[in-house]
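Colleague: Starting from two chains that each stand alone, build the complex the way the hints lay out.
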Amino acid sequence: MSGYTFAEKALARAAGIAAARAGDILDVAPDVMFSHDNTAAIRRIFEQIGAPGIRYPERTLFTLDHAVPAPTTQHAQNHAEIRAWAAAQDIRWFEVGRGICHQVISEEALVLPAETILGSDSHTTHFGWLGAFGMGVGRTEMAALWATGQLWLRVPEALQITLTGRLQPGVTAKDSALRIIGDLGMSGGEYRSVEFVGDGVASLSVDQRPVLTNMMAEFGAMNAYMPPDQIVFDYLEARRTREYTPLYPDSDASYNQRYTLDLSALEAQIALPHQPDNVAPLSAAVGQPVQQAFLGTCTNGRYEDLAAAADVLRGRHVATRMIVIPASAEVMRRAAETGVLATLIEAGAAINTPGCGPCMGNHMGIPAPNETTISSGSRNFRGRMGTADAPVYLANPYVVAASAVAGCIADPREFLA
Amino acid sequence: MSKHRVWVYGGNVNTDVIFPGKYTYTLKTPEEIAAHALEDLDPSFAGQAQPGDVIVAGCNWGCGSSREQGVTALKYAGVRAIIAESFGGLYYRNCINQGVLPVICTGLLKRVRSGDEIELDVDNATLQVSGQRFAFARLSPSVQAILDAGGLLPMLQRRFSA
Ligand code: SF4
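Read top to bottom, the protein sequences are chains V and Y.
Heads up, the first sequence is in this note's numbering, so the first residue is 1 and it goes up one at a time.
Heads up, the second sequence is in this note's numbering, so the first residue is 1 and it goes up one at a time.
Excised from the complex, chain Y in its bound form (with noise of 0.2 Å):
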């Protein structure tokens, strides 16, 4: 059980406003990157976002381009974990493969406001606000090992370094 700050969002969120288009090619450093997190949707959020916090947002969070830096910006932002009604697929699969947590949740958009605080239980695939219960699927053990990681290129390091 932890407990996570939170930052909320809509629906159809896509990779352009979660990372700039025009930053791909220049920026290379992750915290480079981070510093623009979100800057075309929500302006406050890259100087405020504090290890830990935690996205809630509506269906198709990370919809269009395939760029793998709408993750990186997120994690080293600090977010743990995206809690979506629904996810593009190549920016879930990116979620998984940088060691960020996706979790696909109905009904809890409408139950919490920026700023509030979440418990997240990812052993038991629930999460709690303000006193609330939502159950989440959980993710498969092949999938969950390499979020436990932080990743699919270090949990291959770690299988080819034993």
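Only chain V is shown next, with the shape it has when bound in the complex (with noise of 0.2 Å):
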């Protein structure tokens, strides 16, 4: 009998019993669970139901992130339903400008390895990078959640991707996140269990390794995993506020698929529009015009996203608009210390609240029909920011500020020398 893949060791001891089999089906008590500006319709789901309240408050989270701060009277409204509602649930909430759901949970440590996570929202893969099984739901699954404090999975089959080797300078994690993509396409991941193995994961840092699971929600994945090191451990040990144990998969557990990427060889990657599945090394776009160059979400909105984009812009200015959103207060504080802000603001990008801006197309950055975007977001569907007719362009950080400096998608080489 072979071993046991991380999703199915997490989601038995999720759902408190020895052991579960990819096909089972268990009724699981996530440790968290969190809702971000939609916590209010799935209020309104919630009452339907008739429970008394909610059934954890202190398993329960909610961010103000997606339309921060708010640029309508119908989302201040919004987020003022969900002020009171966390108020009366006695819910812990984070505040507009404290940052993206999936930044700020892993930076507050509020989900620990081996613990399993559920998130009205699709990136909630995400959490893997601290070897937590995180998973998106539905609205009337969060209501469901939020009245009983479980909900049915099932133990999904898993495909290990092996990373080897380290990336070249000027190439990120988001490249390799856009290869698997564009190599095994948007549903690739048939709604499994993502688990990373190999050296080249323990080279990725603590900004890159998210960027990897986070944009596994473009490939279809489940959740996605990465085995917990010294370089977790450390992040977590000064911010969290209870025990774990991490789980790592046997070695002979049983992965239906398996695929390999050797990051030493990988180059720079682009999506083209409009599916992030439309994937080509970077000089299949270098020359194309862009009007908005965009820097953020919880894709690639980090510390080191930002320290990068510096790298290319110190002493340079750009050539067309750059919108920059730190994905939370601490890396906006920390670019801050550090003079990464300073050196965007003189290059001369426009620095906006911590939240997702214009990923999803609500505010601060919505471009005009016709104008062409290069993002370090995760989707470029048409519409996704905001304006049918808008291409999106996905990339790493070094591309679209080397992009935003020559106004035409650029290989940021050139500029890094």
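Worth flagging that the hints you see were computed from the coordinates, not collected in a lab.
Any given hint could be a false lead.
[Unchecked claim] Which residues of chain V face chain Y? A few of them, derived with a C-beta cut under 7 Å, are:
1. Asp27
2. Ala51
3. Ser187
4. Tyr191
Bear in mind that the values here come from a model prediction, so they are computed numbers and not experimental data.
Just so you know, even glycine gets a beta-carbon here, dropped at the ideal spot from N, CA and C.
Modeller: As structure tokens, this is what we get:
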């Protein structure tokens, strides 16, 4: 009999049973449940259920991040309802400006290795970077979780991705995520547990790892996982408020597919409009004029992403407008302390409040019709940034900054020499 | 044991053709949504589907977007069960949560044609078509309970009003 995958172990733990296999259906009690600006809509479903209140307020979190500060009266009203609901149910929540849910929950160490976190956001796969089981759920499902603290889940089959080697300068985890999705397609994850392994994982920093687990949402994965190591333990040490025991898949666990990516041989990639699996080497798009460069999101708005852009922009000025939105207040503070923020501002970038910004077309950087954006985000579906006929290219932060300087999609290597 | 008329489709049918994305924010009632079911795959479906019909399909039924309306459209068009070789994961969850039976069954697709009649025996987890029997995996009791209640919301409503 083969060993167990991470998903099999994590979901058995969350269901309070000794062992589980792919295909089993379990009632899982997550350690953490969170929602964001969609909290008020979930509350309306919750009220139809007739439950007396949120079952586990101490396991429940809200963030305000998707349209912050409120761009319209309606958004402001939505936020006001969420604040009132948080107060009434005694739920911990994060105010406008603290940052994007996935980044904030990571920084606050509110979920730990081996734990299960369910969020009403498709990028909840993010938390695999901490060695946690993170999965996105629908609004009805989150309402059910509030009411009962449990949700039924089918234990997924698993796909193992081996990362070998080390990234070249100017190439980032974003390029590896794009390559995987480009190679295997948007549904290549087939609602499986995507479990990373290999020396290439160990070579990635705490700012790079979440890029991969986050973007597995664009791969159709149920969850993603990286084996937590000393880098993760050190990150959590000063932040966490409870103990944990990390979980690792068995070496003889059964994976129904295996894929290997050599990071050393990887070049910068780009997702062309209008799908994140429409991936080509960066050179295929070099020279394409852009009217806007956007650096931010839960995928690529961390400190290293801002620092990468600063490396390109130091002593230069942007030729086209550039919007920078740090993923969190902590990222912004650190960038201010190290001078990265000053470099970006001197180069002509506009800095906005931490949050999602224009990623899903709410505000703070909506393109005009026929304007082209180069973005560090994760999705480039038609209309994603709020305007239908406004193509979006996805690339790493060096490429975003280089393109802002050049006014067209550019190879950052010429600016990094 | 119950009898059902079959609609047969192929593999990798995605939620965009089950319920087009362009309607997701404008159509709200289940009846309006059902009027566009499978519009870009089989324009005859919405007008001719009857309560109790089932769908038989190939692999990866319901892949793509997570939109819940992909199930709502078929449910309110009358579909009671979807029998496929495999499902997109989110679609499978949506089926259960909305009370539409998802059945994973291989080998059936080649044996049926649209308009055939199929006998479904949920209690014994078998189905029969032109004298041939197929067994399928039973749902776990907790998931079956959600289906029997008509979906996640009605199940919870009952639980909390008891
Ligand atoms: S930054 Fe974009 S992808 Fe991330 S949570 Fe916000 S809207 Fe979603």
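Colleague: Which numbered hints does this structure break?
Modeller: none
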